[in-house]
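*Asks:* So the chains spell out like this:
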Amino acid sequence: MIPYILRKLLLALPLLWGVLTLTFFLIELAPGDASDAFINPDMAPETAALVREKWGLDRPVGERYLLELSTMARGDFGRSLTQERPVMALIAETLPNTLQLSAVTLLTAQLVGLSVGILKALRQHSRLDAALSVASLALYSLPAFWLALMLQLIFSLHWNLLPATGMTDPVTYDYLGAFGQIEDRFAHLLLPGVGMGMAGAAADARLMRSSMLEVIRQDYIRTAWAKGLSGWRVIGKHALRNALLPVITVLGLNLPVLFSGSVLVEYAFGWPGMGRLIVTAIEQQDTPVILGCFFVYTLLVVLGNLLADVGYALVDPRIRLA
Amino acid sequence: MRKVFLALRLAVVLWAAVAGFSRLPALLAPAPGATATALHTVIGLFAMLATVVLAVRPSERLGGQEVWRYFHRNRAAAFGLQGAVVLALLAAVTPLIAPYDPVAIDVGPHLGPPTAAHWLGTDEFGRDSLSRCLYGARISLVIGFVAVGIASTAGTLLGAVAGFVGGTVDAVAMWVTDLVLSLPRLVLLLAVVGIFRPVGDNRLAVMVVLLGATGWMGVARVVRAQVLALREQEFVLAARALGLPEWRVLLRHVLPNALPPVLVLSSLAVGGTILTEAALSYLGLGVSPPTPTWGALVSEGRESMRTAPWLIVAPGLLIGWTVLSFNLVGEGLRDALDPRMRGGAHDP
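Quick mapping for you: the protein sequence lines, in order, are chains Z and Y.
If you're matching positions, the first sequence starts at 1 in my numbering and goes up one per residue.
If you're matching positions, the second sequence starts at 1 in my numbering and goes up one per residue.
Hints are supplied without guarantee of correctness; some may be wrong.
Stated by the list, open to error - Derived pair list, reagent style SDA-like, types lysine to any residue, alpha-carbon separation capped at 20 Å:
{"hint": "1", "chain 1": "Y", "residue 1": "3", "chain 2": "Y", "residue 2": "119"}
{"hint": "2", "chain 1": "Z", "residue 1": "8", "chain 2": "Z", "residue 2": "31"}
{"hint": "3", "chain 1": "Z", "residue 1": "8", "chain 2": "Z", "residue 2": "25"}
{"hint": "4", "chain 1": "Z", "residue 1": "8", "chain 2": "Y", "residue 2": "176"}
{"hint": "5", "chain 1": "Z", "residue 1": "8", "chain 2": "Y", "residue 2": "3"}
{"hint": "6", "chain 1": "Z", "residue 1": "8", "chain 2": "Y", "residue 2": "178"}
{"hint": "7", "chain 1": "Z", "residue 1": "8", "chain 2": "Z", "residue 2": "39"}
{"hint": "8", "chain 1": "Z", "residue 1": "237", "chain 2": "Z", "residue 2": "154"}
{"hint": "9", "chain 1": "Z", "residue 1": "237", "chain 2": "Y", "residue 2": "176"}
{"hint": "10", "chain 1": "Z", "residue 1": "8", "chain 2": "Y", "residue 2": "175"}
{"hint": "11", "chain 1": "Z", "residue 1": "8", "chain 2": "Z", "residue 2": "223"}
{"hint": "12", "chain 1": "Z", "residue 1": "227", "chain 2": "Y", "residue 2": "174"}
{"hint": "13", "chain 1": "Z", "residue 1": "237", "chain 2": "Z", "residue 2": "253"}
{"hint": "14", "chain 1": "Z", "residue 1": "8", "chain 2": "Z", "residue 2": "253"}
{"hint": "15", "chain 1": "Z", "residue 1": "8", "chain 2": "Y", "residue 2": "179"}
{"hint": "16", "chain 1": "Z", "residue 1": "8", "chain 2": "Y", "residue 2": "83"}
{"hint": "17", "chain 1": "Z", "residue 1": "8", "chain 2": "Y", "residue 2": "181"}
No lab work stands behind these hints: they were computed from the structure.
Keep in mind that this is a model prediction, so the values were computed, not measured.
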């Protein structure tokens, strides 16, 4: 398995290079550059030239491209043009927040989705199945950002139960004890993390249901029942392991979708994550930050797919990674 | 259920006839507030045609072929199709039934609640929310269909050539596909839209092209896989033995057999594209204001969510309805086109 993982990581290198090159030249194609926000028409041409020179924007495209690549190759992302800070520091600040939110969302979606899916499969054609189907279809089709607003409308504005935006309380957080801080963070996570996770569970539930239905019709499941095993063992052990296979594949493939969603959710909930970092960077045409973020996103996707492969092999001993 | 939808369709047509007979020429005009372009005239012509077709010829008779029989036996799929038809009808006759100009300000109170004069209330500039939602349907559907058309065509051609030619061409094409796929689509779109936003003043056309340019990967992969399997079959060998040129073998003999999954993917993609466009509009990167798109309506309503929650409820539900309809149609098509699924229990 180790050589397989190493080979996959090696194959990711040209992919990362391709993404960086594509992004770099896309930004180059755009009219204007990062200095636009700092140069006004009244400025003396010499000053404007100085601004551009300071950021190295006056150099030819090819030179800047090679410069960016060599910075990247050294494991450094360079400095943000507009924020005057290392890109690494900006990402180090925001990436943990994004990962935290994504992890909670993913975990909720999986837990709820799988349980609902199993329940629907076991009670096929019941009223419960029908009701859950309608609910998951509706959640599946409604836009995530709109659901986010509805959650805020109901739980924050109407009932005043949970904070609507941010990661911590801007006023009281620093004065809370350790326990209070954890509680505050938890309360801020509930709507964007758990709430959006519930919405994301719909897709999982549908997949799990069809996968489970296919499995529980197999002969070996009948054998397991005939052996007199408890329902828990039959479903939880014999059926679940096999029914999980397609779910794991889709999970790995859907990581980009999860990160796409996180941009919207971060925007809607004012979450200080990478989604907000990249939206601002794109607006300001801050090339090093955009490239750094894209690098991290691609890396996360590659790692996610790898994890899905490994998880696949762990769940199904028949599969050998080579 | 079918009767309910028939009644809904008739209601829309009646509504259009009563409310807007005098406004018939408006069907051909560009949406108020938008720059007049050839695209709008095409949309208008299409809308006129669609009105006639959808109103006169109910979708149940779309063809007596086997696939359609299976499709209609699936209640969820039929529901989706009917939902999409009603929506398309609404979009087609929008200029006839919209009670107000969607971009005219001060036609009602600012942030007014739903009343008899303004069914869905009015926004912060006193614009009629119902009219804006109706025009939004038009824009969303056009974006969804045209963008998916571009994406599917591009994906099909690329996948077919890659699979048929093989070798280096195939390797490069699939590498590029993987590359674009490894970026989150929305993040990629944010970059591309953010960058090309200033290009031209017709944001609608730019949006459609960009959405199409970021949606072809799935189709390309599927078509390639199909072509790889098909090109080894004997009828292809027969076509070659007849001395047909390669391009003809590909276009006339291989490609048509690879198309059914494209149809499924495309109808599923319409919903996804409409969602993506709404998300971009929500982030403020969509078609430029004051053009009403559903995402922009939610985005605008967000500011006054506390005092005027009705402004964001309706557009969100409309997006949901559209996406749901197209997803159901896509899944129904998939089941109908895949013989293994026939006869079995249809997932609702």
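*Asks:* It remains to establish, for every hint, whether it holds in the given structure.
*Replies:* Evaluation of the provided hints:
1. Y:3 - Y:119: violated, 25 Å
2. Z:8 - Z:31: Outside the cut-off at roughly 37 Å; violated.
3. Z:8 - Z:25: Violated. Residue 8 of chain Z to residue 25 of chain Z sits at ~26 Å, over the 20 Å cutoff.
4. Z:8 - Y:176: Holds - the C-alpha atoms of residue 176 of chain Y and residue 8 of chain Z are around 17 Å apart, at most 20 Å.
5. Z:8 - Y:3: It is violated: about 55 Å lies between the C-alpha atoms, which goes past 20 Å.
6. Z:8 - Y:178: holds, 13 Å
7. Z:8 - Z:39: Since the Cα atoms of residue 8 of chain Z and residue 39 of chain Z sit roughly 45 Å apart, the hinted pair is violated (cutoff 20 Å).
8. Z:237 - Z:154: violated, 39 Å
9. Z:237 - Y:176: Outside the cut-off at roughly 41 Å; violated.
10. Z:8 - Y:175: Since the Cα atoms of residue 8 of chain Z and residue 175 of chain Y sit roughly 14 Å apart, the hinted pair holds (cutoff 20 Å).
11. Z:8 - Z:223: violated, 39 Å
12. Z:227 - Y:174: Answer violated: residue 227 of chain Z to residue 174 of chain Y is near 49 Å, above 20 Å.
13. Z:237 - Z:253: Violated. Residue 237 of chain Z to residue 253 of chain Z sits at ~25 Å, over the 20 Å cutoff.
14. Z:8 - Z:253: holds, 15 Å
15. Z:8 - Y:179: Within the cut-off at roughly 14 Å; holds.
16. Z:8 - Y:83: violated, 45 Å
17. Z:8 - Y:181: Holds, because 16 Å separates the two Cα atoms, which is no more than 20 Å.
The structure is inconsistent with the numbered hints 1, 2, 3, 5, 7, 8, 9, 11, 12, 13 and 16, although it conforms to all the rest.
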